[in-house]
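Chains E and Y supply the protein sequences, listed in that same order. Just so you know, the first sequence maps onto residues 1 to 350 in full-length UniProt numbering. Just so you know, the second sequence maps onto residues 1 to 350 in full-length UniProt numbering.
Check the hints yourself; a few may be wrong.
Label-pair restraints from in silico Cβ distances [stated by the list, open to error]:
no. : chain 1 : residue 1 : chain 2 : residue 2 : range
1   : Y       : Ile329    : E       : Ile30     : 33 to 41 Å
2   : Y       : Lys190    : E       : Asn199    : 34 to 42 Å
3   : E       : Thr140    : Y       : Asn199    : 42 to 50 Å
4   : Y       : Lys49     : E       : Thr140    : 39 to 47 Å
5   : Y       : Lys190    : E       : Asn63     : 24 to 32 Å
6   : Y       : Gln301    : E       : Thr50     : 53 to 61 Å
7   : Y       : Asn199    : E       : Asn128    : 39 to 47 Å
8   : E       : Lys31     : Y       : Thr50     : 46 to 54 Å
9   : E       : Glu191    : Y       : Met205    : 58 to 66 Å
10  : E       : Ser204    : Y       : Lys190    : 54 to 62 Å
11  : Y       : Ser204    : E       : Asn128    : 53 to 61 Å
12  : Y       : Ala122    : E       : Gln8      : 42 to 50 Å
PhoX-like mimics (lysine-lysine), calculated; alpha carbons at most 25 Å apart, straight line [claimed, not checked]:
no. : chain 1 : residue 1 : chain 2 : residue 2
13  : Y       : Lys26     : E       : Lys49
14  : E       : Lys252    : E       : Lys49
15  : E       : Lys49     : Y       : Lys252
16  : E       : Lys26     : Y       : Lys49
17  : E       : Lys31     : Y       : Lys156
18  : E       : Lys252    : Y       : Lys26
19  : E       : Lys49     : Y       : Lys156
Here are a few chain Y residues that face chain E, going by a calculated C-beta distance under 8 Å [stated by the list, open to error]:
no. : residue
20  : Leu20
21  : Ile39
22  : Ala43
23  : Asp135
24  : Thr137
25  : Ser138
26  : Thr140
27  : Glu276
28  : Ile280
29  : Thr284
30  : Thr320
31  : Glu321
32  : Gly325
Hints are computed from structural coordinates only; laboratory data are not their basis. Heads up, the beta-carbon is just placed ideally off N, CA and C, and yes, glycines get one too.
2 protein chains.
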Amino acid sequence: MIEDKNQQRTSLENLGEFGLIEHLTKNFDIKHKSTIKSIGDDAAVLEFKTNQIVVTTDLLIENVHFDLSYVPLKHLGYKAVVVNLSDVYAMNANATQITVSIAVSNRFPLEALEDLYAGIEAAAKIYNIDVIGGDTTSSTTGLIISVTAIGAVDEKNVVLRSGAKANDLVVVTGDIGASYMGLQVLEREKEVFKVNPQNQPDLSMYSYIIERQLKPEARKDVIELLKSLDVKPTSMIDISDGLSSEIIHLCKNSDVGVELYENKIPLDPQVISTCEEFNIDSTTIALNGGEDYELLMTISQEDFPKIKGNPNLTVIGYITEKSRGMHLITRGEQAIPIIAKGWNAMKNEV
Amino acid sequence: MIEDKNQQRTSLENLGEFGLIEHLTKNFDIKHKSTIKSIGDDAAVLEFKTNQIVVTTDLLIENVHFDLSYVPLKHLGYKAVVVNLSDVYAMNANATQITVSIAVSNRFPLEALEDLYAGIEAAAKIYNIDVIGGDTTSSTTGLIISVTAIGAVDEKNVVLRSGAKANDLVVVTGDIGASYMGLQVLEREKEVFKVNPQNQPDLSMYSYIIERQLKPEARKDVIELLKSLDVKPTSMIDISDGLSSEIIHLCKNSDVGVELYENKIPLDPQVISTCEEFNIDSTTIALNGGEDYELLMTISQEDFPKIKGNPNLTVIGYITEKSRGMHLITRGEQAIPIIAKGWNAMKNEV
C-alpha cells in the first residue's frame with residue numbers, strides 16, 4: 001500500500017539456511033571491542049570492560065505486532081531493533097549487541113528479507129550496535145522476528161523500576177500518544193484502500209504521527225543527556241504500553257503512589273488535531289496509546305535545576321506515599337484513579 | 001497420541017500478559033550470583049566474574065521444528081532449553097542464564113503452558129541455569145518458542161570452530177543417529193494412529209531412540225569431563241544438523257581437510273536394528289540425521305592418552321591438510337567425499 005517494489009523475486013528455497021544468514025549479514029561490520037566473535041560459530045563471544053550487562057528480548061509476530069499491508073519491511077527491521085534497544089536504555093545502560101532471529105514462510109522472496117535486514121543494519125549503524133548472531137528458519141505462516149539486546153553498564157549507574165521515592169518528580173521524555181494515532185490513520189487508510197485501491201491518499205498532514213508508528217526511535221540521546229547533566233534517575237521504564245500502564249509498574253515496583261497532571265502531559269499538535277478529527281480524547285490516548293518508546297523516569301527534587309527548561313524532559317507529576325494511591329489530576333482539578341489499560345487492551349476495544 | 005490430559009482448560013484471554021509471565025515463572029529460583037536482577041524490569045542485569053561470555057539463540061516453530069501430535073509440551077519445553085545450552089557447551093563455556101519468549105494462539109489453555117514451563121523449569125534445574133527474562137505474546141496460528149542462552153568462560157578456555165590443525169584427532173561424544181530414527185518411528189506411529197486411533201502401540205523396543213528425539217540432553221558432563229582430563233579441544237561444534245554438515249563447518253572454519261572412518265562412527269544397537277527395519281543405511285543416518293546434540297571436536301594427538309578408552313569419547317578420524325579434501329573411508333576402504341546434507345534437507349527427501 002505504501003510502497004510496492006516487488007520487481008525481483010528470488011526464492012528462498014534454493015539458498016538454504018547457511019547461505020541465507022551469510023547473505024543477509026555480509027555487510028554488517030563490528031563496531032565494539034567487546035564483540036570478540038560474532039556470527040559464524042555455535043555462539044558469539046563477548047567481553048566487557050564494565051562490570052554489569054543487561055539483557056532483554058522481544059518477539060514480533062505478523063498480524064499481531066505489525067501489518068505488512070502498510071508497514072514497509074525496512075521500517076519493520078528498524079523498529080524490531082529499536083523496541084529492544086529502548087529496554088536497554090531504560091536500564092540506563094549502553095546498548096552494544098543484538099541477536100536477530102527470523103522465521104519466514106515461502107511467500108517472502110529474498111528481496112523482502114534484504115529490505116528487512118537493510119532496516120536492521122540501518123538501526124545498528126545509527127545506534128552503534130553489533131549484530132552478533134541469530135537464527136533463520138522457515139515458518140508455516142507469516143513473519144516472526146525475535147531480537148535479544150545486550151547492553152553494558154557500570155554497577156553504580158543501573159536504574160531499576162524500583163527506586164522511586166515519595167516527593168521524587170515524574171519526568172517523561174519527548175511527547176506521547178503520537179504512535180497510536182499514527183496507527184489509527186494507517187488502519188483507516190487500509191480500509192479506504194480495500195474499497196478503492198487506486199486512491200492515493202495525501203498523508204502529509206499526518207507525517208509526524210505516522211513516522212512515530214512506523215519508524216520509532218529509542219532515546220539513546222536521553223541516556224547521554226542525563227549523563228552530561230549528571231542526573232541519575234531514581235527509577236526508569238520505557239513507554240511501550242502507554243503512560244498509565246508504565247507509571248503503575250514504577251509505582252508497584254517502588255511501593256509508592258503518584259499524582260500526574262493532565263495539563264503537563266506533552267502532546268504534539270498533530271496528536272491533538274488528529275484526536276479531534278477521530279473524536280477521541282487526547283489524554284486517553286496519551287495514557288493508553290503505547291508504542292511511543294519514550295522514557296518515563298523519576299528524579300530526586302534536588303536534580304530539578306539540572307533538567308529545568310530542557311525541551312527533552314517534561315515534569316508531569318510527583319511521587320507520593322503509597323497510601324495516597326495513583327491519580328491523574330485533570331484540568332478541572334479532579335483526581336481520577338490511574339488504571340492500567342495498555343494499548344493491547346485498547347486494540348480490542350477501539 | 002502419547003499423552004492426553006486436557007482435564008482442565010483455563011483460557012489465556014482473561015490472564016493478560018503480565019499475569020501470565022508472573023504465573024508461569026513464579027516457581028523459578030535464582031541459582032547464580034551472576035544474576036543480579038531477573039524477570040520484572042525492562043531488562044535483566046548480569047555480572048560475571050569470568051572475563052568473557054557467550055550468547056546464542058534459537059527459534060522453534062510449531063510444525064517446522066516440532067509436531068504437537070506426538071511431542072508432549074513438557075518435553076518440548078525441556079528440549080527448547082537443551083538445544084540452546086548445547087551451543088553454549090560447544091564453546092567450552094558454562095551455561096548460566098536463558099531468556100524464553102513464547103507466542104501462543106488461543107487454542108492453548110493455561111494448563112498447556114504450565115506443562116511447557118514445567119519442562120523449561122526441569123531443564124533449568126538439571127543444567128543449573130537461571131531463567132532471567134522473556135516475552136509472552138499471542139500468535140495467530142501455532143506455538144513459537146525463542147530461547148537465548150548465555151554462558152560464562154575464561155578467555156583462555158574458549159573453543160571456536162576454527163582451531164583444528166592437520167593431524168588433530170576427530171572425536172565425537174556419545175552415539176549419533178538415534179534422534180533421527182526416533183523421529184521416523186514417531187512419524188510412522190502418527191500415520192498408524194490416523195488410521196486406527198484405538199491402537200496402543202508397544203514402543204518399548206524403540207525407547208532409547210524415541211527419548212533421544214523427544215528429550216535430548218546437552219553434554220554439560222563432557223565439558224566438565226574435558227576439564228578434569230585437562231584436555232582443551234582445538235575446535236568444537238555441537239551436532240544439531242548431522243555429522244557431515246558439522247564436520248564440514250569445522251573444516252571450512254579451520255581451513256583443513258578430514259578423513260573419517262565409517263567403522264568408527266558410534267551407533268547404538270537400537271539405531272542399527274531400526275535402520276534395518278526401515279531399510280535405511282545406518283551410516284547415512286549417522287552422517288545426516290541430526291538433532292543428536294552430541295559434541296564434535298578435534299584434539300591434539302598428544303592429548304590422546306588422556307581420552308583413550310573413555311566411553312564418552314570416540315575417535316572417528318583425523319584432520320588433514322586442506323588440499324586432501326574431506327572424505328569418509330568406508331568399511332570397503334573406499335574414500336567417499338563428504339557432502340553437507342543436514343536433516344532439514346533429508347526431511348524433504350525421506
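Hints not upheld, ascending by number: 2, 3, 6, 7, 8, 13, 14, 15, 16, 20, 21, 27, 28, 29, 30, 31, 32
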